Amino acid sequence: MKTSMKFGVICFAVFVLTFAGCSNNKTSETKPATPPAEMKEGEVVYVCPMHPEVQSSKPGKCPKCGMHLVKKHKEAKVQ
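Residue numbering for the sequence shown follows our numbering, beginning at 12 and increasing consecutively.
Don't read these hints as lab results, they were simulated from the structure. All values reported here derive from a predicted model rather than from experimental measurement. Please note that a few of the clues may not be correct.
To be verified - As a list, the in silico DSSO-like pairs of lysine-lysine whose alpha-carbon atoms are at most 30 Å apart:
hint	residue 1	residue 2
1	Lys72	Lys83
2	Lys82	Lys72
3	Lys69	Lys83
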């Protein structure tokens with residue numbers, strides 16, 4: 012009986028520590044850049060490949076997933 016109690020406590024501790032380590036800390040200094048509609052032609056913005064809504068005017072990491080932001084240029088309008 013004591014062995015099953017120890018096993019249960021260990022399983023619970025592993026479960027709690029697993030989810031505590033997966034918490035979403037928003038401590039990144041990545042701030043949203045000017046929205047793409049307001050960007051000037053040729054201006055550079057850094058975007059998360061997985062979360063396109065995350066944008067920055069300088070390189071950094073995505074606050075949601077931690078991936079490196081990639082450079083994106085505003086495309087010229089064809090008339």
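Numbered hints the structure breaks, given as an ascending list: none
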